[in-house]
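2 protein chains.
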Amino acid sequence: MNKSLDLIGIGNAIVDVLTQAEDSFIQTNQINKGAMTLIEEDQAEELYAKMGPAMEISGGSAANTIAAFASIGGRCGFIGKVADDQLGGVFRHDIKATGAVYDTVPLTGGLPTARCLIMVTPDAERTMCTFLGASVWITPGDIQKEFIQSAKVILLEGYLFDKPQAKQAFMKASELAHEGNTKTALSLSDPFCVARHREEFMDLIDDHIDILFANEDELKGLFQTETLEEALIEVKGKCELIVVTRGAKGSVILTSGQQYDIPAESVESVIDTTGAGDLYAAGFLYGYTRDEDIETCGHYGSTAAAAVLHHMGARPQQNISACLNRVQERLQERKKIAYS
Amino acid sequence: MNKSLDLIGIGNAIVDVLTQAEDSFIQTNQINKGAMTLIEEDQAEELYAKMGPAMEISGGSAANTIAAFASIGGRCGFIGKVADDQLGGVFRHDIKATGAVYDTVPLTGGLPTARCLIMVTPDAERTMCTFLGASVWITPGDIQKEFIQSAKVILLEGYLFDKPQAKQAFMKASELAHEGNTKTALSLSDPFCVARHREEFMDLIDDHIDILFANEDELKGLFQTETLEEALIEVKGKCELIVVTRGAKGSVILTSGQQYDIPAESVESVIDTTGAGDLYAAGFLYGYTRDEDIETCGHYGSTAAAAVLHHMGARPQQNISACLNRVQERLQERKKIAYS
Chain D
1 MNKSLDLIGI
11 GNAIVDVLTQ
21 AEDSFIQTNQ
31 INKGAMTLIE
41 EDQAEELYAK
51 MGPAMEISGG
61 SAANTIAAFA
71 SIGGRCGFIG
81 KVADDQLGGV
91 FRHDIKATGA
101 VYDTVPLTGG
111 LPTARCLIMV
121 TPDAERTMCT
131 FLGASVWITP
141 GDIQKEFIQS
151 AKVILLEGYL
161 FDKPQAKQAF
171 MKASELAHEG
181 NTKTALSLSD
191 PFCVARHREE
201 FMDLIDDHID
211 ILFANEDELK
221 GLFQTETLEE
231 ALIEVKGKCE
241 LIVVTRGAKG
251 SVILTSGQQY
261 DIPAESVESV
271 IDTTGAGDLY
281 AAGFLYGYTR
291 DEDIETCGHY
301 GSTAAAAVLH
311 HMGARPQQNI
321 SACLNRVQER
331 LQERKKIAYS
Chain F
1 MNKSLDLIGI
11 GNAIVDVLTQ
21 AEDSFIQTNQ
31 INKGAMTLIE
41 EDQAEELYAK
51 MGPAMEISGG
61 SAANTIAAFA
71 SIGGRCGFIG
81 KVADDQLGGV
91 FRHDIKATGA
101 VYDTVPLTGG
111 LPTARCLIMV
121 TPDAERTMCT
131 FLGASVWITP
141 GDIQKEFIQS
151 AKVILLEGYL
161 FDKPQAKQAF
171 MKASELAHEG
181 NTKTALSLSD
191 PFCVARHREE
201 FMDLIDDHID
211 ILFANEDELK
221 GLFQTETLEE
231 ALIEVKGKCE
241 LIVVTRGAKG
251 SVILTSGQQY
261 DIPAESVESV
271 IDTTGAGDLY
281 AAGFLYGYTR
291 DEDIETCGHY
301 GSTAAAAVLH
311 HMGARPQQNI
321 SACLNRVQER
331 LQERKKIAYS
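In the order they appear, the protein sequences are chains D and F.
For what it's worth, our numbering labels the leading residue of the first sequence as 1, then goes sequentially.
For what it's worth, our numbering labels the leading residue of the second sequence as 1, then goes sequentially.
Chain D on its own, in the form it takes in the complex:
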């Protein structure tokens, strides 16, 4: 089937506010380290006032994937709600500047554009506090049948489940996708997000999702298992592809018949892990929408993820496309040796 786009992401439209912080700051402010905590506007103001000097970089889980996917050269689009304010302008500029199609009508006269306050500790881990603002005002009306069905794959972020209208938009998109021969991918987003919506995620994965992205903790949370191995047994066969990222330990990919263990790309100095999972999905789906074999998709994921570890923020600052070409050459060389 001819599709004009490879991938459409649907998710929260957020500007990240990133700062470097000591572990003591996380402790003093009683924030759950490494997790994403939802906060209200006044809490966001209060925390921001305490935070060190920061930088603003467009974020949002699915939006990060789309920005990276576009920068690799994929044809893609994004659906997500900003407000009609300066930060909304920043988000819109950045996603459109990657080449992605982005037409969601901004919210006027309501809450401001979503912000995610991100504290990066010396161990390079990111701890996030999100004020969802305008982003939760995405509604089924923002989901257009033609647009959804123009893509080979739509990527939905689990975070959308945190608010009712957004969840409805999510469900509408996944139904339209299935009607239109568009694959659906879901990123589970966060162990706490999984815990908040466990039953619904289970139903969704059973009925609607073709490609599942999760990290180790999210998958264990979903199946309430002690070990990854147990969770992998539980999840096997539930989707066409199950992709589990494991940080420095690489990733595991399950197809109906096989398990692939993909190593992580080695990185010299890790500054900030924000967005590494989102970038993995970008690399993986880039390979997938180009009909690469699963192993190549996995290596593309590892390479894309590595590209945002060297600097603050979840958006690529370098040419990932060149890195993926090197991956492909390396894999082809290896196959040649194996066959010779």
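Just so you know, the hints here were simulated from the structure itself, not pulled from any lab data.
Please note that the accuracy of each hint is not assured.
Since copy identity is lost for identical chains, a pair holds within one copy or between any two.
To be verified - EDC-like, lysine to aspartate or glutamate: derived pairs with alpha carbons at most 16 Å apart:
(1) Lys96 to Glu45
(2) Lys183 to Asp217
(3) Lys50 to Asp142
(4) Lys236 to Glu146
(5) Lys96 to Glu46
(6) Lys50 to Glu22
(7) Lys335 to Glu295
(8) Lys145 to Glu199
(9) Lys183 to Asp42
(10) Lys145 to Glu22
Got chain D sorted already, so can you dock chain F onto it with the hints?
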């Protein structure tokens, strides 16, 4: 004399919008590479729409110096005008989060907060296009006698000379400083800014400035000489201290009786030179306000400048204070050897 602050900076209150760009982008858009060009709001919108994905980091020349000075542990303040909008909130947060005193009343109902669109080319050079917006609406009314005279040194940025009210504020501050036994430092800002206001800068330096910061091109522009050596002969004796930064070639410092040649700090990979001159001034003035000898001040300048070359943006992301301590230990060690 007891002063409650070491340094107050007075300058444009700007949020930088940084992107990586190829040289061809600079050429196609007919922008003067390496320089700072003033643009209007509609030009800023037009250029922004063409620019790649960006990040927002607080900037402004004197403000960068103050942010770094505060992060080293200096007692300091800043005077500069933002609008009452989201980017103004970003600027205010970032400068206050460093520990600097910042109380300038924001502009309401007028132009938005100033933005500087910065294109960083692969050679790490930055090319800047600035929409001054609210920042030029700083007026003499924003300059309070008590506050100015509470500092050992005030630092004025040459860029303020680009608009009449701002220049008046500048002149008021330098007069109050002299009455109150506060030293005045001037950063020349940009060769084009120097060319725009050459005569006035000459008078100012002759009559009002104790410490002059300039880079090689700015100083040659000011005295319309071919070589740095000629410019150094011309400028000698005009101020108590003349500090000329030369990028990778280090810096030259002239006192009434002596010339000091200070090497640059060696840096492995330079990503973005934005703010290097501003950071040099922070390191130098930190030493100066602590009565360090001139050589130490120069090395502090080199070390602080190096701290922002590794990453995008002009605000420090690491602990410069620790670096300065190492400089001091190194210099003391060298003196011990010289005397033994």
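Hints, one by one, checked against the model:
1. For a Cα distance limit of 16 Å, the shortest separation of Lys96 from Glu45 across copies, 14 Å, qualifies, whereas the shortest one inside one copy, 28 Å, does not.
2. For the identical chains of this complex, Lys183 and Asp217 are neighbours neither inside a copy (25 Å) nor across copies (58 Å), given an alpha-carbon limit of 16 Å.
3. Taking CA atoms no more than 16 Å apart as the test, Lys50 paired with Asp142 passes in neither setting, with 36 Å inside one copy and 26 Å between copies.
4. Taking identical chains as interchangeable, the C-alpha atoms of Lys236 and Glu146 are never at most 16 Å apart, the minima being 32 Å within one chain and 72 Å between chains.
5. Proximity of Lys96 and Glu46 under a CA criterion of 16 Å is satisfied inter-copy only: 14 Å between copies versus 31 Å inside one chain copy.
6. Proximity of Lys50 to Glu22 under the C-alpha cut-off of 16 Å is restricted to the intra-copy arrangement: shortest distance 13 Å within a copy versus 37 Å between copies.
7. Within a single copy, Lys335 and Glu295 get their C-alpha atoms as close as 12 Å, which meets the 16 Å cut-off; across copies the closest is 60 Å, which misses it.
8. In this homomeric assembly, Lys145 and Glu199 never come within 16 Å of each other (Cα to Cα): the closest approach is 27 Å inside a single copy and 65 Å across copies.
9. For the identical chains of this complex, Lys183 and Asp42 are neighbours neither inside a copy (39 Å) nor across copies (42 Å), given an alpha-carbon limit of 16 Å.
10. In this assembly of identical chains, Lys145 and Glu22 lie within 16 Å of each other by CA distance neither inside one copy nor across copies; the values are 46 Å within and 38 Å between.
Against the hints set out earlier in the document, violations occur for numbers 2, 3, 4, 8, 9 and 10.
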